[in-house]
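Colleague: If you want the building blocks of each chain, they are given just below.
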Amino acid sequence: MPLGFVVFGLLVVSGVPHNPDGQPLTLDQALVNINQTTDPGLRYYAAWWLGKMRVSQPAAIEALLLALEDETDRSPDGGYPLRRNAARALGKIGQGYDSVVPALLGCLACDDYYVRETAAQALESLGVSSAVPVLASLLEGGVAAAVQVEGKPHLVQPYNAILEALGTLGNDDLVATIAPFLDHEVPQVRNAAARAMYQITGDAQYAERLVKVLDHEQLQLRRAALMDLGAVGYLAGAGAIANTLAENSMKLIALKGVLEHQIKVENETAQDICGLSADSRRVMELMDSLL
Amino acid sequence: MVAPLKTFETCLQAVNEADSAQGLLDAVEALADLTDERSIPTLIQVLGFNNPGAAVAAVDGLIQIGIPAVSTLLDKLDGYNYGARAWAIRALAGIGDPRGQDLLLDAAANDFSLSVRRAAARGLGTIRWADVPESERAAAMMRSQTILLQVTGDDEWVVRYAAVVGLETLALQLTATADVIIQCLQRLSTDDDTIAVQTRAQWALEKMGAS
Chain A
1 MPLGFVVFGL LVVSGVPHNP DGQPLTLDQA LVNINQTTDP GLRYYAAWWL
51 GKMRVSQPAA IEALLLALED ETDRSPDGGY PLRRNAARAL GKIGQGYDSV
101 VPALLGCLAC DDYYVRETAA QALESLGVSS AVPVLASLLE GGVAAAVQVE
151 GKPHLVQPYN AILEALGTLG NDDLVATIAP FLDHEVPQVR NAAARAMYQI
201 TGDAQYAERL VKVLDHEQLQ LRRAALMDLG AVGYLAGAGA IANTLAENSM
251 KLIALKGVLE HQIKVENETA QDICGLSADS RRVMELMDSL L
Chain B
1 MVAPLKTFET CLQAVNEADS AQGLLDAVEA LADLTDERSI PTLIQVLGFN
51 NPGAAVAAVD GLIQIGIPAV STLLDKLDGY NYGARAWAIR ALAGIGDPRG
101 QDLLLDAAAN DFSLSVRRAA ARGLGTIRWA DVPESERAAA MMRSQTILLQ
151 VTGDDEWVVR YAAVVGLETL ALQLTATADV IIQCLQRLST DDDTIAVQTR
201 AQWALEKMGA S
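If you're matching them up, the sequences are chains A and B in order. Residue 1 is where the first sequence starts when you use our numbering, and the numbers rise one by one after that. Residue 1 is where the second sequence starts when you use our numbering, and the numbers rise one by one after that.
Bound-form chain A, shown alone:
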């Protein structure tokens, strides 16, 4: 205890950051923490914090880009925890910074499955269409290559994140690449493929596959299908969403996605604004009933 106190005192005196007990992190302190390497825990937390607090400043972006190249913070399985947090944060705040896209694309080649997964999600949320060829190349070998890594709890690639990103960023040139994954043996991968196929083709049969999953016996899959249908804003699924056996909070999030997608579509197509549509009102009636 006395030794620890001395060390702590030295750290403070030498200007190395600390996170005072019980004190919330400040922006200045977070920037100090992300730029030091003495305490990996503080740096890891600062990376998460900058994204969470939406600190979209050049100093934060630069520090997170450096963190993407970190070699020091390693997990027991050889992963890069700091890179995962940094990629996730950049997905939230990296909009408008040219250097972010190549850095995230580089992460798609990282040894760490979870860094690749987070990078795919970040590229999706930043709307980086130029990432499509690299993302599609990770599906090479098709379903036959999409098998579990021995001794790990995951497949060789983060297929869910890749398929979802392709659905958001790609177009129907990708149909032949994505369609085979509709029959993958892992239900989550099948769902991600259905979601992506619906997004790139607009064909309701793919969204209806997700509606069917709302009746699945496993709650986890029902919840995931709710999130997928909300993410793609499938209006015809609104009633089925409201009737799913799952928490009201999840159903409300899904219906919020449907409502906001509908509003967006109507704003894009309407000639003049003449109040809310019957569809929007119907979705809100369902939402009201779940409060």
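Read the hints as simulated data drawn from the structure, not as lab findings. Small disclaimer: the values here were computed from a predicted structure and weren't measured. One or more of the hints may lead you astray.
Said to hold, decoys possible - Capping the alpha-carbon separation at 35 Å, the derived lysine-lysine pairs in DSBU-like fashion look like this:
#, chain 1, residue 1, chain 2, residue 2
1, B, Lys6, B, Lys76
2, A, Lys264, A, Lys212
3, A, Lys264, B, Lys207
4, A, Lys52, A, Lys92
5, A, Lys212, B, Lys6
6, A, Lys264, A, Lys152
To be verified - Per the computed footprint, the stretches of chain B lying under chain A, defined by three or more beta-carbons under 8 Å from a beta-carbon of chain A, are:
#, stretch
7, 9 to 21
8, 107 to 119
9, 153 to 165
We put the CB at the ideal spot given by N, CA and C, even for glycine.
Add chain B to chain A, keeping to what the hints say.
Modeller: Coordinates of chain B only, in the frame set by chain A:
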């Protein structure tokens, strides 16, 4: 005469003997469907079982029974664990008995669970105002209004959405002017950072003839 398959006694027994999560859910649903006041203590007990499916069914059952369930719900409140308390607040919000109002006011503003704040905000609008003595009614409605206006600034979109629904329901029953509510909804319909909340505020204004 064919005896009914599901009597209060057989349903109660099924709840007490359920040995799986699904079994409990089915038994509670069957018991709740009877809408029998004798099932109130058992339905309240289920709220503390940490089985969300069964708790939802029990809350629905208590809401169906309505007013007769309120005094038992309120009496037992202090003995509830956190989860059971949250479910009880949802039941009280659904029933709308004015005796639950103080609890809903506090929960809508202060509960740490967003689903409890959400249900309480909704419930503050749907209180059965006709059951409040006329001399106290305006003041009681004002208490709901004050907290609901405050809750439109909640951090969680779904709680703000519920506050909009609560304000709409309240405003449609106010005899006095609803200017303050209309101003608040107008602000939300353009300034809230969540489209769904903006849209719901817009719809509330349409329903109130104020858009």
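Colleague: Hints first: check each against the structure and report whether it holds.
Modeller: Going down the list of hints, with the structure as the test:
Taken as a hint, the Lys6/B and Lys76/B pair is honoured in the structure, with Cα atoms around 28 Å apart against an allowance of 35 Å. Only pairs whose Cα atoms come within 35 Å are accepted, and Lys264/A paired with Lys212/A is accepted, the gap being roughly 26 Å. For the hint linking Lys264/A to Lys207/B, the alpha-carbon distance of about 22 Å falls within 35 Å, and the restraint holds. For the given pair, Lys52/A sits about 8 Å from Lys92/A by alpha-carbon distance, which is consistent with the 35 Å threshold.
Of the pairs offered as hints, the one joining Lys212/A and Lys6/B holds, with about 32 Å between alpha carbons and a cut-off of 35 Å not exceeded. Annotation: proposed proximity of Lys264/A to Lys152/A is violated, straight-line Cα distance about 41 Å (limit 35 Å). Counting residues of the stretch 9 to 21 of chain B whose C-beta lies closer than 8 Å to any C-beta of chain A gives 0; at least three are required, and the coverage claim is violated. With a threshold of 8 Å between beta carbons, the proposed coverage of the stretch 107 to 119 of chain B by chain A holds, since 4 of its residues qualify and at least three are required.
Coverage of the stretch 153 to 165 of chain B by chain A holds [criterion: at least 3 residues with CB-CB distance below 8 Å; count 5].
Violation of the numbered hints given earlier is confined to hints 6 and 7; the remaining hints are satisfied by the structure.
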